[in-house]
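Undergrad: Could you slot chain B onto chain A? The hints should help.
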Amino acid sequence: MPVGAQNEMQNGVKVALGRRYRFSASHRLHSAAFSEEENERVYGKCNNPHGHGHNYMLEVLVSGAVDPATGMIANLADLDGFVERVVLEPFDHRSLNEEVAAFRNKVPTTENLCIEIFERLKSFPKAKLERVRVQETSNNSFEYAGDHPGESIGPIR
Amino acid sequence: MRPERSGEKSYYKSNAMVLLTRKIEFAASHFYHNPDFSQEENRRVFGKCNNPHGHGHNYSLEVTVAGEPDPVTGMVLDLKDLKEILEREVMQRMDHRHLNYEVPELAGRIPTCENMARVIWDLLEPQIKQGKLHRVRLYETPDLFADCYRNGSAGAMA
Chain A
13 MPVGAQNEMQ NGVKVALGRR YRFSASHRLH SAAFSEEENE RVYGKCNNPH
63 GHGHNYMLEV LVSGAVDPAT GMIANLADLD GFVERVVLEP FDHRSLNEEV
113 AAFRNKVPTT ENLCIEIFER LKSFPKAKLE RVRVQETSNN SFEYAGDHPG
163 ESIGPIR
Chain B
962 MRPERSGEKS YYKSNAMVLL TRKIEFAASH FYHNPDFSQE ENRRVFGKCN
1012 NPHGHGHNYS LEVTVAGEPD PVTGMVLDLK DLKEILEREV MQRMDHRHLN
1062 YEVPELAGRI PTCENMARVI WDLLEPQIKQ GKLHRVRLYE TPDLFADCYR
1112 NGSAGAMA
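Residue numbers (the working numbering), protein chains in the order written: chain A, 13 to 169; chain B, 962 to 1119.
This is chain B alone, in the form it adopts within the complex:
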C-alpha cells in the first residue's frame, strides 16, 4: 500500500489490476502435413492447407499483460520493453519465414494457430518480468484465432 499523503485524493487504488495489450503483425507461410498419415488422409483432414507448396497468412498477434500500474511510472510494464521482446521472440523468428522449415520451436508440430499460440506463450512468458502474461491471441485471418491463457483467468473473455 502506498502511504497516502494527507489531502491527496487517492483515486488510483492499489491492487487495481490493469490489462495492457500490444499488437504486432507478421507474415509467414506454412502447410499442414502429418508424415504418419497417408496422402489421402492428409488431404481429407487438412484439405487445401495440405498443399505441399504452402500458402501464407498475415498473422496478427495480441499480447496482453496484467499487472498493477507502478505508482511512479504509471505503467504496468514499459511498452518499449514489450516491443523489444516481441521483436526478438516473435518477429525475428517468424516474420517472413516458412513455419514448417524455419522455426525450430515448431519442429514436429503442425503449424496451426493453436500450436503457434502455445509456442508464442512459452516464448513470451519467461520474458515478461513486470506484470504477468495474461493472454496471447493469434489471428490467422480476421475470422480465425487461437487464445492461450492460464486456466481460471479472465483470459477467455473477448
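Extracted from the complex, chain A is given alone in its bound form:
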C-alpha cells in the first residue's frame, strides 16, 4: 500500500467520480410575470395547469484526492446518503412547484432545477462538486458547474 497523502492532481491529471441517480417529479412551467396568453405561448404544453411529470436522471461529478487507503475520492455510501437526503428525498415523487420552496417563485425548468441541485450539493463535505447534469427526457439534458466554473466549461459532447 503506498504510504502518504497522494496529491489531488498528479502531473496535472485530475480524477473525478461520476454517479447517476433517478427521481420522478411533476412540474408546471408558468411565470407570474406573464399573462395567461403569454404563458401559453412561451411554455406551450408545459403550461397545462394540472402539470405533468418526468423521470429525471441526475449525474453528479465530484473531484478530489484519491485516498491511497481506500482508492476512493469519496465513499459512495457517503455520496449516496448525501444526495438521497438533500435531493432525492425532497424531490422524488413530488410536485416541484408545490413542494420545493425554491420553486414557489421560480419556474421549475430543468435549467433552474440544475442550479437548485448544484446549490444543494455543493456543501458535500467529502469532495469538491464539479458539476451536475440533469436529463429531463432522453432528448434534453442540462448542466451546471457553479458560478465560476473557470476553465472547466468546454465543448459538450
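Hints are supplied without guarantee of correctness; some may be wrong.
Where chain B lies over chain A, by a calculated footprint (3+ residues, C-beta under 8 Å) [unchecked claim]:
{"no.": "1", "segment": "29-36"}
{"no.": "2", "segment": "82-93"}
List of simulated lysine-lysine pairs, DSS-like, C-alpha gap at most 27 Å [unchecked claim]:
{"no.": "3", "chain 1": "B", "residue 1": "Lys1009", "chain 2": "A", "residue 2": "Lys138"}
{"no.": "4", "chain 1": "B", "residue 1": "Lys1090", "chain 2": "B", "residue 2": "Lys1041"}
{"no.": "5", "chain 1": "A", "residue 1": "Lys118", "chain 2": "A", "residue 2": "Lys134"}
{"no.": "6", "chain 1": "B", "residue 1": "Lys1009", "chain 2": "B", "residue 2": "Lys1090"}
{"no.": "7", "chain 1": "A", "residue 1": "Lys57", "chain 2": "A", "residue 2": "Lys118"}
{"no.": "8", "chain 1": "B", "residue 1": "Lys1009", "chain 2": "A", "residue 2": "Lys140"}
Derived from the structure by calculation, the hints contain no laboratory data. From the three backbone atoms N, C-alpha and C, an ideal C-beta is built for every residue, glycine too.
TA: Just chain B now, kept in the frame of chain A:
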C-alpha cells in the same frame, strides 16, 4: 495554416479542435481490501465489495483524443491505431482478469474505478502520438464512473 487555393471555400478552419471518442468494453473481477485495516474496518469501509471471493463488472471505457483533423486524411488520429493501442494496453491487461492479482499496474492499489481510470490514463497517454489524450472515462456500472483529465481542460464536461 494551409494555403488557400483561390476560389476554394475554406470551411475547414485550421486550429479547429475536434474530440474523438472510442469505446471498448471488458469484463473483470475484483474486490476491495486494505491489509492495513482490521476485518471490521474493511467490512465497514468497503461493504459488499470486501467479499474475499470477489465479484465482477462489465466495464465500459470511453477514451477521448483531442486534435486538429489532418488536412489530408481528415483524421485526428487513425481509429485503427487507437483500436490497437486499446487492445494492447487495456484489453490484454484487464479483460477477463482478476484486477487484484493479475494487473501489475494495480498492485498495491485498491482496484476502484478512480484508481483504474488513473492507471489507464498513464498507460494510454504515452501511446497517443497524434492528437492528445483528452479524457478517460471508465464506467464500472451504467450509474458509476470515474473521469481522468488534465486540469483546466474541457474534460469535466459530459
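Undergrad: Each of the hints needs a verdict: does it hold here or not?
TA: Verification of the supplied hints:
Closer than 8 Å: that is the beta-carbon criterion, and the segment 29-36 of chain A has 5 residues meeting it against chain B, so the requirement of 3 holds. With a cut-off of 8 Å between beta carbons, the segment 82-93 of chain A has 7 residues touching chain B; three or more are needed, and the interface restraint holds. Distance check on the hinted pair: Lys1009/B and Lys138/A sit about 21 Å apart at the alpha-carbon level, within 27 Å; holds. Straight-line distance between C-alpha atoms of Lys1090/B and Lys1041/B comes to about 13 Å, which keeps the hinted pair within the 27 Å bound.
Simply put, Lys118/A and Lys134/A have alpha-carbon atoms about 20 Å apart, close enough for the 27 Å limit, and the pair holds. With a C-alpha separation of about 41 Å, the suggested pair Lys1009/B and Lys1090/B falls outside the 27 Å cut-off, and the hint is violated. In summary, the hint linking Lys57/A to Lys118/A is supported, as the alpha carbons are separated by about 18 Å, within the 27 Å threshold. A hinted pair counts as satisfied when its Cα atoms are at most 27 Å apart, and Lys1009/B with Lys140/A qualifies at roughly 26 Å.
Checked against the numbered hints given earlier, the structure breaks only hint 6 and satisfies all the rest.
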